[in-house]
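Trainee: Order-wise, the sequence lines are chains A and B. Sequential numbering from 0 applies to the first sequence in numbering that gives the first Met the number 0. Sequential numbering from 0 applies to the second sequence in numbering that gives the first Met the number 0.
By construction, these hints were calculated from the structure, which means they are not laboratory data. One thing to keep in mind: the hints can contain errors.
[To be verified] Derived DSS-like pairs: lysine-lysine, alpha-carbon spacing no greater than 25 Å straight-line: (1) A/K65 <-> B/K11; (2) B/K69 <-> B/K3; (3) A/K16 <-> A/K161; (4) B/K11 <-> A/K26; (5) B/K87 <-> B/K43; (6) B/K134 <-> B/K114; (7) A/K26 <-> A/K16; (8) B/K93 <-> B/K134; (9) B/K93 <-> B/K126; (10) B/K112 <-> A/K26; (11) B/K43 <-> A/K153; (12) B/K112 <-> B/K93; (13) B/K112 <-> A/K16; (14) B/K112 <-> B/K43; (15) A/K58 <-> B/K11; (16) B/K3 <-> B/K114; (17) A/K26 <-> B/K43; (18) B/K117 <-> B/K70; (19) B/K112 <-> B/K69; (20) B/K69 <-> B/K133; (21) B/K126 <-> B/K3.
[Stated by the list, open to error] Far from chain A, some chain B residues (derived; all Cβ distances over 10 Å): (22) D9; (23) L17; (24) N23; (25) M40; (26) M55; (27) E73; (28) G81; (29) G88; (30) D98; (31) K114; (32) E115; (33) K126; (34) Q129; (35) T137.
Glycine included, each C-beta is placed from N, C-alpha and C at the ideal position.
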Amino acid sequence: MAHLDGIGRSGVQFFGKMSASISHDLKNVLAVINENAGLLDDLCLMAGKGKPLDPGRLKRLAEEVKNQIRRGDRIITYMNTFAHSADSESVAIDLRELLGLLVELSSRHASMRGVRLEIDRSSDAVTITTSPFVLLNLLWRCLDYAMAAAGPGKTVELGAEKTADGARLRFRKLEGMDAAAGSFPAEPEGSLGRALSAEIRLDPGTRELAVSLPGKGQGE
Amino acid sequence: MAEKVLIVDDDKAFLAILSERMQNRGMEVSTAESAAEALQMLEKESFDAVLLDLMMPEMGGIEALQVMRKKQPEVQVIFVTGHPSVSKGVEAMKLGAMDFISKPVDMGELTEKIKEAKAGRMILVEKQSQEKIKKILTDKGW
Chain A
0 MAHLDGIGRS
10 GVQFFGKMSA
20 SISHDLKNVL
30 AVINENAGLL
40 DDLCLMAGKG
50 KPLDPGRLKR
60 LAEEVKNQIR
70 RGDRIITYMN
80 TFAHSADSES
90 VAIDLRELLG
100 LLVELSSRHA
110 SMRGVRLEID
120 RSSDAVTITT
130 SPFVLLNLLW
140 RCLDYAMAAA
150 GPGKTVELGA
160 EKTADGARLR
170 FRKLEGMDAA
180 AGSFPAEPEG
190 SLGRALSAEI
200 RLDPGTRELA
210 VSLPGKGQGE
Chain B
0 MAEKVLIVDD
10 DKAFLAILSE
20 RMQNRGMEVS
30 TAESAAEALQ
40 MLEKESFDAV
50 LLDLMMPEMG
60 GIEALQVMRK
70 KQPEVQVIFV
80 TGHPSVSKGV
90 EAMKLGAMDF
100 ISKPVDMGEL
110 TEKIKEAKAG
120 RMILVEKQSQ
130 EKIKKILTDK
140 GW
């Protein structure tokens with residue numbers, strides 16, 4: 000796996016960051032289920048002392064547990080897709096699906112920064128063959144910059160489109176681009192870009208960041 | 000007298016269920032979904048313990064702790080977090096947090112810590128009162 004061999008530290012850091020975020024989300028799910036189970040215990044104890052059980056209250060508790068299980072299942076599903084993204088360095092990827100996974104993985108980080116993430120689904124779906132893990136790593140770094148460049152309270156719009164020689168991924172509405180700290184793209188992004196033969200471009204005119212990928216981009 | 004507790008967490012489901020359980024134990028519970036909301040509440044009233052989430056949008060728990068300690072030096076903050084790490088725990092304690100516990104919460108342990116917080120706060124408030132009285136006596140030369 001030539002792509003994966005070349006990304007070393009950056010790849011491990013990315014995997015660690017995403018795993019930490021996922022484990023935090025799962026801890027929160029378990030915490031709510033734990034409190035619901037605790038409240039059931041409390042209600043049983045009170046029933047033992049003569050306070051009647053309210054079936055409506057029990058039903059609401061059951062619904063909340065089901066809600067949390069759905070929430071946990073969604074987190075584990077994208078965690079599993081993320082884990083399997085390192086299985087192969089060259090597979091056909093639906094870029095909009097990949098952006099969906101990136102948004103799920105980044106939702107906590109976005110929320111912490113007060114930034115909303117939206118996927119533009121107006122363009123046709125596009126598929127490209129490359130390393131999903133390396134591409135996710137690069138897109139995460141781009142999104143990290145894009146969130147800083149958009150600023151708190153703003154929305155970053157993500158989109159994918161087919162080009163003549165491959166595909167392009169776009170991060171739009173970066174209104175605070177001029178004030179964003181640090182130079183971008185820096186070495187880690189450059190290294191990931193080279194591993195994918197991708198070109199990273201900032202366009203202050205349109206307030207967007209674009210990642211162009213070579214290959215046989217296939218629109219539907 | 001019932002323990003007066005403020006829970007600060009951006010997870011609404013967690014806030015709702017934890018506050019209900021604590022109320023069932025006779026505590027007087029208020030909730031805030033953000034650090035900013037909690038700080039506004041602390042302007043108006045005081046609490047025996049503040050249960051504070053570590054990672055929240057806009058202002059995180061560590062920053063909130065620093066502001067709270069400036070406003071109310073006697074405030075007793077217990078971090079309740081799904082993101083436990085030794086370094087964050089040490090940082091929180093150095094900044095004056097009373098304790099740092101991990102989600103899912105053990106209600107027995109949490110209840111004990113809230114009682115400790117109340118006792119600790121009462122000692123600090125009493126000490127502050129004594130110092131104020133001492134200062135008045137010294138200033139007035141009585």
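Trainee: Which numbered conditions among the earlier hints are violated in the structure presented, ordered from lowest to highest?
Mentor: 3, 5, 6, 8, 11, 13, 17, 22, 23, 24, 26, 28
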